Structure formats: C-alpha cells, structure tokens
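Build out the structure end to end from the sequences listed, making use of the hints.
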Amino acid sequence: MTHPDDMPLADIARRYLGQFPDLHGLARQAAGHVLRRQLGYWLDPDQVFWHEFASASSSSRTYTGWRHSGPPRRSMSLTELMTQRFSPAQQANVDELSVYGGFYRVDASHALFDERNELRLDARTVLEQFWSMDFAATYGHRLAGFRAERGEDFCVLARSRFLAAVAQAPLTKDEQRELLSASLANPQLPLSTKALRLSQADHSQSGWGRLSLGGAAARTLLLRTLKSGRCCLYLADEHASLVLLKDAVALKAWLADLAATVPGRERLVSNFVGNDLLGQSLRPRVEKYLQLLAQQTYSPTISSQALHGDLFVQLREQALDALAADAHERLTSNAQLRKAAWLSGLQTASLVLAPMSIGGWPVALTSLGVGVGCLALHVDRAINGKAGWRSAAWWAVLLDVLFILLDAALMRSAELFAPTRLPPPRTVEAPLAVAEDGWEDFMRPAVDTLLARSDQALARQEAALGALPWADASQLDEAGRYLDAFSEPYAVYRDELGYGAPAIAEYSHSPERYNNLWRGLPLGDQLAVCVARSHTLAEALEQIGVHSPVTLYRAASGIRSTGNAAFAAGRVKVGDALVSTDFTSFTENPYVLWETFNSPQVEGSGRPAFDDEAVVYVLEPGEHVRATPVAAFSSRPDEAESLMMPGRYLQVAQITPVRNARYRFVEVRLKAVAQVPAGGQVYDLRSGEVFDREVLAQRLGAADDSLMRRFFPIPT
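All letters in the sequence shown, in the order written, are residues 1 to 716 by the numbering used here.
It should be emphasised that the hints constitute simulated quantities derived from the structure, not laboratory data.
Owing to the predicted nature of the structure, the values given are computational and were not obtained by experimental measurement.
Even for Gly, the Cβ is constructed at its ideal location relative to N, Cα and C.
Incorrect hints may have been included.
[Unchecked claim] Simulated crosslink set (BS3-like; lysine-lysine; CA at most 27 Å straight-line):
#: 1; residue 1: Lys573; residue 2: Lys671
#: 2; residue 1: Lys246; residue 2: Lys194
#: 3; residue 1: Lys173; residue 2: Lys194
#: 4; residue 1: Lys194; residue 2: Lys252
#: 5; residue 1: Lys246; residue 2: Lys173
#: 6; residue 1: Lys252; residue 2: Lys227
#: 7; residue 1: Lys246; residue 2: Lys227
#: 8; residue 1: Lys252; residue 2: Lys173
[To be verified] DEER-style ranges, computed between Cβ atoms:
#: 9; residue 1: Pro522; residue 2: Asp107; range: 23 to 31 Å
#: 10; residue 1: Ala473; residue 2: Ser58; range: 50 to 58 Å
#: 11; residue 1: Glu149; residue 2: Ala201; range: 22 to 30 Å
#: 12; residue 1: Ser192; residue 2: His624; range: 42 to 50 Å
#: 13; residue 1: Gln336; residue 2: Thr301; range: 38 to 46 Å
#: 14; residue 1: Ala201; residue 2: Thr301; range: 25 to 33 Å
#: 15; residue 1: Gln698; residue 2: Gly40; range: 16 to 24 Å
#: 16; residue 1: Gly40; residue 2: Pro190; range: 50 to 58 Å
#: 17; residue 1: Thr301; residue 2: Gln38; range: 40 to 48 Å
This is the structure we're talking about:
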C-alpha cells in the first residue's frame, strides 16, 4: 500500500472523489441491492418509480392484482424512496401499499399503470428491507468514516487549489511570500505532498477572516488585508480565485458590480449560504443586502470575521459539518419513524422531508472544484451520461490546477502525477470522425497511430470515471472481493492498481461466454448460470453509466459471425430501425477497424477479410446513444471499446457501398433513437433479419423471462 506522503496529488484527488459519501450515489447503491434481492438482478433504481394513487381497479394480469390510471398523487424514484422512506401512516397500513401504490419502470407522465410497465416488487418486502438496511444510519457511519479518514485529504487538495490561485493572481513577489507564509505551515517552495499535509496551530493568527455583509458571514469568501494595503479576497468556491483590490472602497465597488448581474449575484449568494438546506434560511437576508448594494441605495456594513487556526482546516470543518447537517435534514431513519409512530399512535403522522436535490452540491465538493457551474451538471440523473460529463469536467478542472502548480514550479512533477505515467495533456486531442470518403487513411496497418489514438481515447474515457468508488484493503472480504457500505461486492471500482470490473474483464477476454446465449449457440454452462452472467455484466455497465459524446465504429463480417448482406441486398433501407440483440462492441478509434477485419482468426481461416457480409457501422453521437465506455476495465484497452447492451434501438441514416483495391464493405451510418419510429420495421443489428421478440424469448429460455423483461419490456 502506498504511504500517504508518497501518493501523488492526482491520486489523492481521485481517491477523495471515489470515496466521497455522495448521498444520491449511496442511496442508489442501496436501492439497487433492494432490487437485486427481490428481482434476482440489479436494475438502475433511478429508473424505477414508486407511484401512489387515490384509487385502484382490480386486475388478474398484474403482479399486485391492481391497476391504476391517471397521474399519481405522489411519485418518486426508488432512490428517493430509499432516503425518504414510507410514511408512518403507510407503515401502519402496509396492506394498502400494494393496493394504492406500486413500482413501475415509467415515470408519472404515463396514463396507465398495469402489467405492461409494472415491476414485480412487493411493497411490504421493500418496506421490510428499508428497516433492515436503515440507510440513514449507514450513511451517517459512512460520513463519519470519511471525515476521519479523508478529512486531511480535503486540506491537501484545498491547499493545492489555493497555491494554484496564488500562482495566477497579479501579486508582487513580496505579496506572494506574505500570503504563503500566512496560510501554510511550511511555505518553502517547491512544496511536497507531505508539506501540504501540515496544519498551522489551532490558535495561530493568519490574518484571514470571513467576509461579512450586514453581520452575515460568508462561507467561502475570505478576506485578508496585505501589508501593501491592498485587499486580498479569496473565493474558495468552485472557481478558486484570488481578487486583489486597492482598498475597502474598491472592495465595496467590486461587490456592487458583481451583485448587479444575475450570475454574479447568484455566485455571491452561494458563497454566503452554500447549497445545504440549513443555509437556505439565510438566503433572503443575503439577497436583500446584495440588492441594496447593487442599487447603491443603502450600504450594509462590510467587514471581516477573523478566523483562528489553520485556514484550510476551518474550511474542512465547515464543509463537513454542513454535509452532516444536510444529511440529517434529508434522511429519514428508523429512529425517526419509531418516534413518529409513538407520538401519533401510527395514525396520521407524516414526516416533512426535503427532496433530495441531485443538482445541489455540498461545499465539501464545490470548494475543491466539483461545482455545478463549471461541471455542467444536469439535474436529470436518469441519463447516466450526465454523471460522466460531471466527472470528466471535474477532472479537467483538477488537471488545470496540477499543471498550474507544475508550470509555476510550486510543486515537482513527482508530487503531482504517478511516476509510471507521463502527465496527461491539458486538452485531450479531439476524437476522429471519418468523412464519408475518408476511409483510405484508416483501412491500412498503422500500429503506432492506432496505439496513440487509443491512448487518447482511454484518457477521455477515464476522465468520465472519476465518480467510481475507490476501494482499499480495509474493504476486502475473505474471497478477496471489495465490499461496499452494505457489505455487498462492488460491480465496478477503482483502487491503487487501476480500474476493476470482473464481468467486463471476462467479457473482453471471452465475449462468447455472454453472447452465445443471445445468439442461440452452444452454452458452456447451465442456462441459469448464463442468464445470471448477462445480468451481472449489465449491472456493471449500468453502474458505470453511458458516456458517448464521440462517434463510435463497429466492424462486422461473415467470418466473425457479425456481418450480414441485408444492406447490400437492399432488404434494410434508410429509415429502418435496428435493435441490438446481444452485448455489442463499438470502438471510438477507427484505426481499430482494420485490425478487426484482419485479426488472427480471419487470417488463419484462409478466407478474405472483406467478404460479402462486411459492414462498417458508424454511430453518430447523440443524447440517445446508450453505450458504456469500458476500455479502462478491458484486457484490451487498445481497442478503445464501448459496449452496448441488448435492446438498444438505432435508425439507419445512410447506406454507402465502399470499394477499394484493398478493402470493400458497406458503410452504414446510424443514429440512436429512444424507441422504434412509428410504423418502421425493426431488424436484428447482428443478423439483418426481421426482429421477432417471441423467437428471442424462446432462445433465452421460457422458464426465466427476466432477461426479456429487463431488455425488451412489452411496449406501453
């Protein structure tokens, strides 16, 4: 295990984010376990909805015996239900839960809720599992552990961001030395990671104070008057910048100018109150002061509340205290339910709960650069790709900090990056997009270029994986598996050695172990084992999420049992829809296509690499692309692979025969769609035959329809 003082700053940052007790992420993890225990397989709980209705009609076709119509009177995802729990009144009338409520795979916008969109979940059993898990207590334990084990990492990262801000600020050399001496226990440059772990004495006087407006102290606006007389304002938020102002008059003018714009005013409000629930009570007061300041009709007192001790320890304690208080407000525990039941006699008690905001980020992250504004966080977490965008943007912010420290010689490269890897570029080279007539450059042997492009693709994919859980030796069980907060094995994780996902690694080495079932080929194991294997792989892919902002490619041929002649023969036309009927691999590196067509398997067969069924699929990026980046988990990262699960729909946008002395194939350009276009024909992506749901269901086994229910649910 790497000693903390020897761990590069980049890895400290990855570990901090990977072990951060994200409330939504842990609730999703817990809710996923509830689904697996009842259904026998994992589903994304953000896509599973609990709906409550005012009325019900009996039905012999539904799992619960009841169907519903019209909008629900209350609706939330299973992830949200995990945090809020069933109300005390519902706890007292468990028998009515499945009469007036149910779990569905569609949200509240649908008109009918019946056997076509229900999930076979028993509400009583879900309620019992909630009591058994007591998520609020588990989260509190996890938060306390994070505070004890990673609190120092917060300070290390916060100090590094402060250093980067100092390096970029218009300071004189004397002012820079003054700030470093006042703010760091060891200001000697270049700094080491060990030096960044040092804290100043508890009663030391750094000269820093919280900016106060009308007596309301800001959380992340820190003020210090320099010996030169200038005011130094440190914005310890997601942007982490130093503002130098001539004097107090200039400071007031700067605040007034910022408060005069909507974005500026919102940033200042966030600096004062944060994103947690308790801080919002101060919002109206701060907004009023800022409005007066901008209008210059009244001047609230601008002052500074002195901070004692280490500046970054103060920031840490404030951030983690807010995180704990926010969790207390948002979560419902077993103890609260018992108390509510005792107070009300289990009759009409209900708990007033705050909704779990996915868009709001705690100061424990925003003060380290993980913020809503700079990370383009979208509230719709149902599309998992948004998490990937957030992670990739956060990593880009962190890289900027590291390179600033490197360029300014504030820290040595060995303290910033792992010695086995060169520092990544500040901007990853743009992904390739092949023009319609541009195959000549890619359909040739080009190993060096292939590897260089794959390295770029791997860096791009890894940037989207920052939120994966970081596991360490303390989480190992007797079988050598990493366990999560609920003592269940991680499907995907990150540790000191890299990325791990056993199912994805096995697929990359032996895809036939997964796809023979889907293709109707001989199985190497019992049918039940093969069905479970597909569910396990799907769980890993769904926990990573989708992140496909680049063009993806796929080479298919008859000799690989992946090609078809339907396009050349004209059976499949532009506008038709294709559906994936197995786990389907794509690459974001077009240089990989030549190697795929000319693989050792093909060369050993004695058959031409480009046969009559040769096809190159080109999948354009778009919001409905549902492909998971898996290169970091694969035994062949050079393939720059993304994996698409069964049941994904693609529309044919263009069909072009490509002929050359060295290669020939049909280029098929695709566009991902959320559902089958109305009136359109649907074909099997692999075979080119008309898709038949019943035939596929028989192939997968009639005794267990879980794969069909998961990937090919009955249309509503």
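* Asked: Is 38 to 46 Å right for how far apart the beta carbons of Gln336 and Thr301 are?
  -> Holds, at about 40 Å.
* To do: For the pair supplied as a hint, Lys173 and Lys194, confirm whether the alpha-carbon distance does not exceed 27 Å.
  => holds, 24 Å
* Cβ separation of Pro522 and Asp107, checked against the hinted range 23 to 31 Å -> violated, 41 Å
* To do: Sort out whether Lys252 lies within 27 Å of Lys194, counting only the CA atoms.
  => Roughly 38 Å between the alpha carbons, so the hint for Lys194 and Lys252 is violated.
* **Hinted pair Lys252 and Lys173, Cα distance within 27 Å** => OK: Lys252 and Lys173 at ~26 Å, within 27 Å.
* Take the C-alpha atoms of Lys246 and Lys194, compute the straight-line distance between them, and say whether it is at most 27 Å. => violated, 35 Å
* **Range agreement (Cβ of Thr301 with Cβ of Ala201, hint 25 to 33 Å)** => For Ala201 and Thr301 the Cβ distance comes to about 31 Å; the hint holds.
* Take the C-alpha atoms of Lys246 and Lys227, compute the straight-line distance between them, and say whether it is at most 27 Å. => holds, 12 Å
* For the pair we were handed, Lys252 and Lys227, check the Cα-Cα distance against 27 Å. => Distance of about 19 Å is within 27 Å: holds.
* Asked: How does the Cβ-Cβ distance of Glu149 and Ala201 compare with 22 to 30 Å: does it lie in that range?
  -> holds, 23 Å
* For the pair Gly40 and Pro190, does the Cβ-Cβ distance stay inside 50 to 58 Å? -> holds, 55 Å
* Asked: Do Ser192 and His624 keep their Cβ atoms within the hinted range of 42 to 50 Å?
  -> holds, 48 Å
Checked against the numbered hints given earlier, the structure breaks hints 2, 4, 9, 17 and satisfies all the rest.
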